[in-house]
Amino acid sequence: MDQIIVQVLNGLDKGSAYALIALGLTIIFGTLGVVNFAHGALFMMGAFCAVITSKILSASHRVVDETRTDFLGNPLEVETFYVQDWFGMAAGQTIMEWAVPIAIIFAIPVMILVGFAMERGLIKHFYHRPHADQILVTFGLALVIGEIIKYTFGANPIQTPAPPAFTGSLDFGVFLGYEAQTIMYPYWRLVYFFFSAIIIAAVFAFLQFTTFGMVVRAGMADRETVGLLGINIDKRFTFMFGLAAAVAGVAGVMYAPIVAPNYNMGLDFLVLSFVVVVVGGMGSLPGAVAAGFLLGILESFASMPAIVDILPGINQIIIYLVAILILLTRPRGLMGRKGVMEE
Amino acid sequence: MTDQTTQTPVSTPARAKPAKGGFLGLTSNDSTLLMIIFGLLIFAPFILNPFPEGSAMAQFNAGYPDLMQRFVIFGIFAIGFNILFGLTGYLSFGHAAFLGVGSYAAIWSMKLVTLNVIPAIIMAIIVAGAFSWVVGKISLRRSGIYFSILTLAFAQMSYALAYSVLTPITGGETGLQIKNTDNPLFGSLNPGEIGRANFFGLEMGNSYMLEIGNWVFTFNLGYYIAAVAMLVAFYLSIRIFRSPFGIMLRAVKSNQQRMNYTGLEPKRYTLWAFVISGMFAGLAGGLMVAMDTQVGPERMFWTASGEVVIMTILGGAGTLMGPVLGAGFIKYLENIVSKINKDILHQWFAFLPDGFEDLMVTLVYPFVGKGWHLTMGILFMLVVIFLPGGLVEGGKRIAGLFTRKKTADKES
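Quick note, the sequences are listed as chains A and Z, same order.
Note that our numbering has the first sequence beginning at 1, numbered continuously upward.
Note that our numbering has the second sequence beginning at 1001, numbered continuously upward.
No lab work stands behind these hints, which were simulated from the structure alone.
Predicted model, so just to flag it, every value in this text is computed and none were measured.
Among the clues, some could well be false.
Here are the computed lysine-lysine pairs in the DSSO-like style, where the Cα-Cα straight-line distance is at most 27 Å [as the list claims (entries may be wrong)]:
| # | chain 1 | residue 1 | chain 2 | residue 2 |
| --- | --- | --- | --- | --- |
| 1 | Z | K1370 | A | K150 |
| 2 | Z | K1370 | Z | K1339 |
| 3 | Z | K1179 | A | K150 |
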């Protein structure tokens, strides 16, 4: 039993990332009808927002400290951080350590703008082209973004630590009456799970309870009629693209401490989150979220030693296997809507 | 399976003019095209080596065996992919799996049966064909993005399995090479000798160097074997494009429903196209092993599948020459542009004043050397956005500018 709980917990954080990316993909597909292969790149850009923020916050300059001397008797040059100059030693230190959460504040507007730019500059011209063309051009864009990141930041992963308050692990088993140390769960992963739950809830609430969201949902159901009612649906859809980009972006920001960002992570996540979307059902937001968590948890179950012993290699292929099975038995995916992307 | 040609009386479109008597059953246009390819392949060692040795431009020479083989092999791969994507419009994102499976089949044939490359290549084609039949049978139950995802899923599964569980067969991460412990059934090897791939006794690495003045031209046996394979592949591709079967595949792309109503089964034709393109991929995989006797699972990774997609689109999907051009273009970028470094750039821009020189080098540098992927990605995007017909369409447009034919617009 404790093994099972451990695997469910392990699956949650990866599942959260899948769910957030798949949610954004589905929003874009549901509103604009575009298959966005560059969505993984947006996730990666989010992760690099965290890297950039942490670099900016730890920008430093050298100051000659007259009171101290080095071993030759010269005045010592001390490396001081700008934030510590401005906010004082302790506060500056805290700000630097909390770079990742602070990055979210920067990432949201940046990613919304990136989303706008992408939609207005590129995707707009592809509404009336075949899906294959949309896939190809966004795939090309993903390659280009990845290469720009590689050129700017190098090919090696960049470690971006979580705030020290969240390092270490939570002894989760104790709450359930197990002995201490049976079920350990890193705090940051717990934070990631709750964070993504909040984001998902916020997106759903936004769509469900605001007038804007209502119009968007109406547009998803019948774009033409909404347009005939005198509503500029294109503008709202562009905003939704920005929102989807921001969701992917913050998912990336918060994921940076879990997996060190590198230029390839976008493509890695993209393939899996597409599988997630297809399993959940094209165009279904709850389907995308459910499938994200489901596949994340399944993946971690499949890597249990007991299961790998029986079916070696299953942990590598489980997601694809599930995707093939679901596509063949439930062509619309788990919760797909009728008439969306059928043939 | 019945022969496809027995199904044809339903449609006799005007484009499928039966070629009466022409060379190898081709119309005069097509046989010209084939002859062009033939000439290019034969004289590639000259054409690709236009600059004398030791000159500043010598680094742009692509006429060395390794690269010429790659041009041809990826040309075959792209020609095969084009039969599926160009004609039927089904976008497979998992074609590298067939290439990989073919490679594994070929190397096992060399390890166990004989070091002759011909049986190895035939093995590769057969095994890749069988594998693509299975994958196609399942994947083709869906279309559009679902088909792409299904093929991608199969390819990624093959990659993951080759990497982990199937290690006894695939060699896992290190892959397979011919070792001195291998003792093929036919062929005499001294104990401890590492076998080399051969063509009825002639080693693939055999080369003849021709020196004319400062120029050095290399004629490599392996390259010419691959070139023959490509010529055959190209010929088959022409025949498929012009055949009633090819018309059926175009019909799949334009309107499946109408095909269904006419009483034709689109899936059957598409499956055959899928298997044929899988066999082309297997041929390419087998040739790769014949040239360089080793295989690794990374050959099946999905980025490798993405590469063939890029080649085909860049050159021009649905055209005969497109995939060949695209493959050549990408491989040239990969091997030649990637070698340009800062020093070379400084040499090029040396004629400019110092400040401008540095500026130009800084501007150009991100796009060459290790950044060639960036150039490729941008080119690819530009082609998809502005030139959906690829380089071939670009060439036609440029030619159209000069000839100013008004009929060009009416062309359907």
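Checked hints:
1. Between Z:K1370 and A:K150 the CA atoms are separated by roughly 10 Å; this keeps the pair inside 27 Å, and the hint holds.
2. Distance restraint check for Z:K1370 and Z:K1339: the Cα-Cα separation of roughly 8 Å lies within the 27 Å cut-off, and the hinted pair is therefore satisfied.
3. Taking the CA atoms of Z:K1179 and A:K150, the gap is near 37 Å; set against the 27 Å cutoff, the hint is violated.
Of the numbered hints listed earlier, the single one contradicted by the structure is hint 3.
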